[in-house]
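The task is simple: from the sequences and hints, build the whole structure.
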Amino acid sequence: THPSLIDRAHLLDEVFGIVYVPSGVWINEEGMIVRPPETAYPANPDYGHRQIAPDASPREVAQTTAVRKLRIEAEKYVSAIRDWVELGAESQFALSSDEVLKRSRPRPIEEAEAVAQFELGQHLYLLGRPADAIRHFREAYRLQPDNWTYKRQAWSLLEPGQDPLEVYGGDWLTDVTKIGAENYYPPLKL
1 THPSLIDRAH LLDEVFGIVY VPSGVWINEE GMIVRPPETA YPANPDYGHR
51 QIAPDASPRE VAQTTAVRKL RIEAEKYVSA IRDWVELGAE SQFALSSDEV
101 LKRSRPRPIE EAEAVAQFEL GQHLYLLGRP ADAIRHFREA YRLQPDNWTY
151 KRQAWSLLEP GQDPLEVYGG DWLTDVTKIG AENYYPPLKL
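Just so you know, the working numbering puts 78 at position 78 of the sequence shown, and the rest follows in order with no gaps.
Be aware that one or more of the hints could be misleading.
Claimed, not checked - Now the in silico label distances, taken between C-beta atoms and shown as ranges:
1) E166 x P58: 43 to 53 Å
2) S79 x N28: 16 to 26 Å
3) L12 x S79: 19 to 29 Å
These aren't lab readings, by the way, just hints derived from the structure by calculation.
For each residue, glycine too, the CB sits at the ideal point set by N, CA and C.
What follows is the structure, given as structure tokens:
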């Protein structure tokens with residue numbers, strides 16, 4: 001077993017600039033960030049080797065093909081974090097404060113506005129006003145199109161039968177196809 005954080009309010013997105021899952025942020029015993037957010041797969045997921053069923057729809061084939069192209073570097077990440085756990089500040093993977101700042105995502109005004117729009121959408125949804133929330137989720141998409149955590153959350157809150165493509169103008173496959181599945185997760189800079 002291990003402790004897990006479930007971030008229902010998406011505060012990690014807001015505080016650390018996380019835009020996809022799984023992500024990891026390394027924080028040392030003194031509370032200092034020694035690695036900013038980056039892709040953090042603990043193991044290679046099984047879905048990358050999933051077989052395509054003979055009766056799969058064209059969309060299912062496209063989704064499986066896209067998933068197989070995702071860049072997942074679990075072994076590299078796990079090796080790096082184990083090195084840091086063992087060596088602490090002496091680990092080659094523990095970054096200086098200057099390097100952490102250099103690698104951190106900037107927060108332009110559009111992204112700050114996207115945070116506010118997303119929070120409004122979440123709030124309205126929790127008040128039982130999902131139709132009103134959609135406008136704010138759409139605006140968060142427009143302002144920060146690379147924030148996959150916002151997209152995934154909004155898609156998951158749709159009513160059964162609602163199509164994300166119709167409601168938001170995008171869904172996972174459509175949006176991933178636009179950027180190229182191999183670009184969904186940036187390469188690790190270890």
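- Item | Range hint 16 to 26 Å (beta carbons of S79 and N28) holds or violated | Since the Cβ atoms of S79 and N28 sit about 19 Å apart, the hinted range of 16 to 26 Å holds.
- Using the beta carbons of E166 and P58, state whether their distance is inside 43 to 53 Å or not. violated, 18 Å
- Task: Kindly confirm whether 19 to 29 Å is satisfied by the beta carbon distance between L12 and S79.
- Result: With Cβ atoms ~24 Å apart, the hint holds.
Checked against the numbered hints given earlier, this structure breaks only hint 1.
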